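Participant: Take a look at the letters that make up each chain.
Number of protein chains: 2
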Amino acid sequence: MHWAKILGVGIGAAALLGLGIILGHFAIPKATDSPAPSTSVSQDLDMAILDSVMEQLDAGRIRENLRELSKEPHVATSPRDEALVQLLLERWKDTTTGLDAAKTFEYKVLLSFPSAEQPNTVEVVGPNGTAFHSFRPFEKNLTGEQVGPNVLQPYAAYAPPGTPQGLLVYANQGSEEDYKALEAQGINLNGTIALTRYGGVGRGAKAINAAKHGVAGVLVYTDPGDINDGKSLPNETFPNSWGLPPSGVERGSYKTYFGDPLTPYLPAHPSSFRLDLHNIPGFSPIPAQPIGFEDAKALLCNLDGPSAPGGWQGALGCDYKMGPGFKQGGSFPTASEVKVSVHNSLELRTSSNVLGIIRGAVEPDRYVIYGNHRDSWVHGAVDPSSGTAVLLEISRVLGTLLKKGTWRPRRSIIFASWGAEEFGLIGSTEYTEEFLSKLQERTTAYINVDISVFANATLRAQGTPPVQSVIFAATKEISAPGPSGLSIYDNWLRHTNRSSPVYGLVPSLGTLGAGSDYAAFIHFLGISSMDLAYTYDRSKTSARIYPTYHTAFDTFHYVEKFLDPGFTSHQAVARTAGNVLLRLSDSLFLPLNVSDYTETLHSFLQAAQGDLSTLLGQHNISLGPLVNAVKMFELAAAALGQRILTLQKSSSPDPLQVRMVNDQLMLLERAFLNPRAFPEERYYSHVLWAPKTGPVATFPGLANAYAKAQNSSGSEAWAEVQRQLSIVVTALEGAAATLEPVADL
Amino acid sequence: MHWAKILGVGIGAAALLGLGIILGHFAIPKATDSPAPSTSVSQDLDMAILDSVMEQLDAGRIRENLRELSKEPHVATSPRDEALVQLLLERWKDTTTGLDAAKTFEYKVLLSFPSAEQPNTVEVVGPNGTAFHSFRPFEKNLTGEQVGPNVLQPYAAYAPPGTPQGLLVYANQGSEEDYKALEAQGINLNGTIALTRYGGVGRGAKAINAAKHGVAGVLVYTDPGDINDGKSLPNETFPNSWGLPPSGVERGSYKTYFGDPLTPYLPAHPSSFRLDLHNIPGFSPIPAQPIGFEDAKALLCNLDGPSAPGGWQGALGCDYKMGPGFKQGGSFPTASEVKVSVHNSLELRTSSNVLGIIRGAVEPDRYVIYGNHRDSWVHGAVDPSSGTAVLLEISRVLGTLLKKGTWRPRRSIIFASWGAEEFGLIGSTEYTEEFLSKLQERTTAYINVDISVFANATLRAQGTPPVQSVIFAATKEISAPGPSGLSIYDNWLRHTNRSSPVYGLVPSLGTLGAGSDYAAFIHFLGISSMDLAYTYDRSKTSARIYPTYHTAFDTFHYVEKFLDPGFTSHQAVARTAGNVLLRLSDSLFLPLNVSDYTETLHSFLQAAQGDLSTLLGQHNISLGPLVNAVKMFELAAAALGQRILTLQKSSSPDPLQVRMVNDQLMLLERAFLNPRAFPEERYYSHVLWAPKTGPVATFPGLANAYAKAQNSSGSEAWAEVQRQLSIVVTALEGAAATLEPVADL
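Protein sequence lines, in the order shown, are assigned to chains A and B.
Numbering-wise (the working numbering), the first sequence opens with residue 1023 and increments by one.
Numbering-wise (the working numbering), the second sequence opens with residue 1023 and increments by one.
Where hints are given, some of them may not hold.
One copy or two, it doesn't matter: identical chains are merged, so the pair holds either way.
In silico DSSO-like cross-links for lysine-lysine, where the CA-CA straight-line distance does not exceed 27 angstroms [unchecked claim]: (1) K1253 / K1349; (2) K1125 / K1653; (3) K1253 / K1202; (4) K1125 / K1583; (5) K1130 / K1653; (6) K1202 / K1234; (7) K1162 / K1253; (8) K1202 / K1349; (9) K1202 / K1714; (10) K1714 / K1253; (11) K1125 / K1093; (12) K1125 / K1162; (13) K1234 / K1130.
Since the hints were derived computationally from the structure, they do not count as laboratory data.
Bear in mind the structure is a predicted one, so any value in this text is a computation, not a measurement.
Please build the complete structure, drawing on both the sequences and the hints.
Facilitator: Given below as structure tokens:
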């Protein structure tokens, strides 16, 4: 007998069954270790529970969490980082507010630290060989928190030690094009020191690109034009405003790949195979050091040589020259060189992830994972503690409901506090490597809240298309902070929107790069992922990121005074993430709208048709199969949506039928993975979201192969375009097949 | 409420519910288009149905199927192959004996054919440059079936065209060691023609190895010592016995990789990317041609040079010399050369798979796939029609039950008739490439029955360890053919057994190489697979395979007269495969015993500990992590087995809990896949079953890396050993994690 049919058979049987249910409900003793306020196979999202969770998420508690989390610097694997591991375990094991279980997962990973004894320095060395000007190796102690044994001096993690010395050049953002532009000016880069500014390309790329042109060392600074809307004076910056102080320096990881550098594709267990420490792919071959704009100004405003192009100019108050070397009549003798002394060392350290679980009542083998990293560069009040403060508040509210016995989710909820993210998403990546099969088979979605509040203007959400609908549903229910009276959704719509062919004007969902711990989940495992935060009003600032990012000025005081005084934006993010989490864990039907991929596919296709088709046609490559594949996907996704609607309308759908369509929804993203598509791009297997090097907003494999072929005369490059086209067609057709009725051939 | 608890709550509620069930059962009208003799979520294997199926599988109908299937030659894509596509569609669409649906899947694939106008030839060319002896280009017409427009002459598919001529050498089986042995004798192989015999290494390897040593062309023959237990006279061979006639020639595919050669990892759709036709990896660079032992004898018994080693000698009745060239006083002038003229051509042809489905009543999204190829080299009565005859009989019996409305399986059953297997498992591989995600997510097991009867002595089963238990269960129930009165299991146990540490003496399950269409399913998709057949009494023959394999003598008459006169072995295979199929499709709990992997892991581990540990230790590589990983797997698998037993004992287990453990069983094999483990081995991703080139019966990646490192002085080779060790440890630990309780962290 079909269970659903038993329920639907008529009033008599329904009454008898109802009696059975009542008897069963009251006759079963509540086991103390067995969860189960509701374990009906048709258990669905309970709006009263959801409302109650929204109500209980408390700004004051988030504030207290943040104060505790950001009290001391807690760089990865430091004593304070380990103390926070214990704090998380205590919270998640608490008998009245904790989860079902919590434990740590440790990995032995390769980190990079500056030397406490021998700080990195930047000096101007006169023609006589003596250093006569040395720049500040630390940030200025403006609030009493910028010095101390646990404050790491600014450095470029993974940049190799060395003491290069040479004439200074200014290389803009350090892109390949920037170095070429210098050479086009007749500037010989060999043996020079390149001063670059943050932005444009990744940190590591600035040095790796430089090395290809013979540059001996790289300096990186943050231009006030990029971070402070041009402001640069002490009284215009922190602690007088949210601006970056002149001595503030962005730390960061300077390498190409994420994950532990020595154990690609393998969890970094002590016994795991490790690459040769002296030949690690993706590391800069030359030393690099970040500096504040105060120091950068002293160098840059004294440079000789031709004026840099308009796009290279910044807000340091002088005309930026390209070099090489210093101008006559400036602060330094013209023949002076710059000497960069880097004393970083690589160290194998044990980094911990902390994971906690609330076991699902009905489908414990379906996971919703919610995570953030724990490690910071210094105090990390914003990055990452603003996210962890929210995470702890959500887990407290849900844990309390759980321990009271009033609620247990349909699916399992896993909370994660990742280690060593700042060094390159290491903790989360190692975890996905260790539990790849289990996570791929069972994870419905990954929610990331790293920095929860960049600024207090509007929600910013990034994710793959299937998560759009659940974020929209959640944000329509929650009030935006402030006096507007708008929902988070409507406020978001005012700030960032797009015109959807399907829905009309909607808030704009961003795409996922590799900026935080979602990277391995989406790119390596193919799990639908999202990243949530509150962010800027772009009409009020053009700051590249919040100004004290990765500096010793990212403190509790900074958050409380400038970013989110009432912690209402933190609360808004907690409610949004908590609401999305509950919808994913508790809804009978997974709230992932796979049809929303169709818009993406159409836009990628249109870009290809618009920008690529002429040249493709000249090489006898037709986009016809791609057109068909997109259509196949569209039809299959729409038809599945209809079948789900029909199933939802039935009074009590068969639990196995519900599971089947949910599996189709959950696993769709996996069908876009092809581990053989981009073998040179470590971890990137998702044929829709791999990095795009080409300029056209189309399928990444196609875009990149096309960009290469354009600059190549050989037929091999065009064969690769055709191969990448076939890879994406196969992925789309394969994905469509997973959405079709399950017993279709 | 937990549905299982409702049922378990007490007599009163149970009675009420029971009444509800009864009411429900009889009150629901039977929908005509909706299948459903039984669609209870707890629908389990029905032994009465199983017995009835066993009873109905009919030897006479298998015989009639075979007669029809083998009536004409039906090489892949030939008109008769296409006619058989229609025959399959008709059978599977039959309204009284057919399936729910059937359709074809077509691929445009690269095949290789000899020229009808210009047959391949082998000649002895005298010193004066004229060919004075030419060998038979066709097999002798012994039964009237060996000539005709549809009988392809013997050839080496994919061997390139060309007319090499040179001194003849004898190169045994054409392995790398064999060619080295010739050179060690001072024989210059450059420009020679190498005569080799079948066996030892793959067909293509004989020519590829040869080319590395400068050989210009390769001949391959079947030695009567290897195929006929030494018999070679016409009156000792077919049509007078099952032996290979002197003119019989084994055709076959001569290349390295399986699947369509031009579209690796992509389905061979017309628009798919294709490799450059002039530079296909895995093809022999030199011409090759197979010949009969009659012709081989004329060449080999006239060779000059040193005597070949004992292991190279065969049953042609002379002392095999190594060459080069012919001896004085033999049939040919001493300076004669051999000229091989090959006129094969590559052709893109459309090959069809035929698939049919019986939709599952309860879990239609779980597939049991049962397949065999359809294409033959000539009539292919044994290979593959003996398998297809069985396939059609099983689908008829199940189709009849289905159409009568008396049965529908719990899970979906998919029957497959693959195309172009003889050219390298092409149809099945393209299908797995097209539907990779869908198949990986949903397929519980793949059953292959290619040649169903090699001989009539005993069952032979190959598979991964989880399928052992279901094959044992099935074969214990079925009588072996013949007068023994034994079950198939007991008869099998007498012929091929091993001592299991867990079970004691059991029949020996073989491992899966890449000999038939299961290859892509197990190696590429990680789906538990098996291959079933009846085979030889090894005390009676040492034949490498049944003697007329891939010749024009593999006819219906051959089967009926020599292989299985009463078709009772065919029936035994039909019953075994049908029984296994029904158990997999209908059992509430999947009959896959994942704990049986533990024995394999222990034996691999012991081999490593015994044979590798000394040298590993010298290179600071510890097997400790591997020992731990095997233990983790063992404990997790055993504990899952216990949980399943407990669940089975409950009167009506929760359907979602059953689904959860079944998913753990189904997906285990997937956890052993690592697409990055062996990038040079196309499709091979299963870290336990990839090809082993090293001599030690341990984990293949470890064995192969160790074998390489042994012969290498560099530390890189030992680093690769460590890397392969970490890959297998990670896979085992990852697999263990999938077997642990689903809500464990």
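Participant: Could you run down the list of hints and mark each one as holding or not?
Facilitator: Hint-by-hint comparison with the structure:
no. : hint          : in the structure
1   : K1253 / K1349 : within (26 angstroms within a copy, 97 angstroms between copies)
2   : K1125 / K1653 : between (46 angstroms within a copy, 21 angstroms between copies)
3   : K1253 / K1202 : neither (30 angstroms within a copy, 77 angstroms between copies)
4   : K1125 / K1583 : neither (35 angstroms within a copy, 68 angstroms between copies)
5   : K1130 / K1653 : between (47 angstroms within a copy, 22 angstroms between copies)
6   : K1202 / K1234 : within (10 angstroms within a copy, 46 angstroms between copies)
7   : K1162 / K1253 : within (18 angstroms within a copy, 95 angstroms between copies)
8   : K1202 / K1349 : within (22 angstroms within a copy, 71 angstroms between copies)
9   : K1202 / K1714 : within (21 angstroms within a copy, 50 angstroms between copies)
10  : K1714 / K1253 : neither (33 angstroms within a copy, 66 angstroms between copies)
11  : K1125 / K1093 : within (24 angstroms within a copy, 67 angstroms between copies)
12  : K1125 / K1162 : neither (39 angstroms within a copy, 75 angstroms between copies)
13  : K1234 / K1130 : neither (32 angstroms within a copy, 45 angstroms between copies)
Hint compliance for this structure: hints 3, 4, 10, 12, 13 are not met, and every other hint is.
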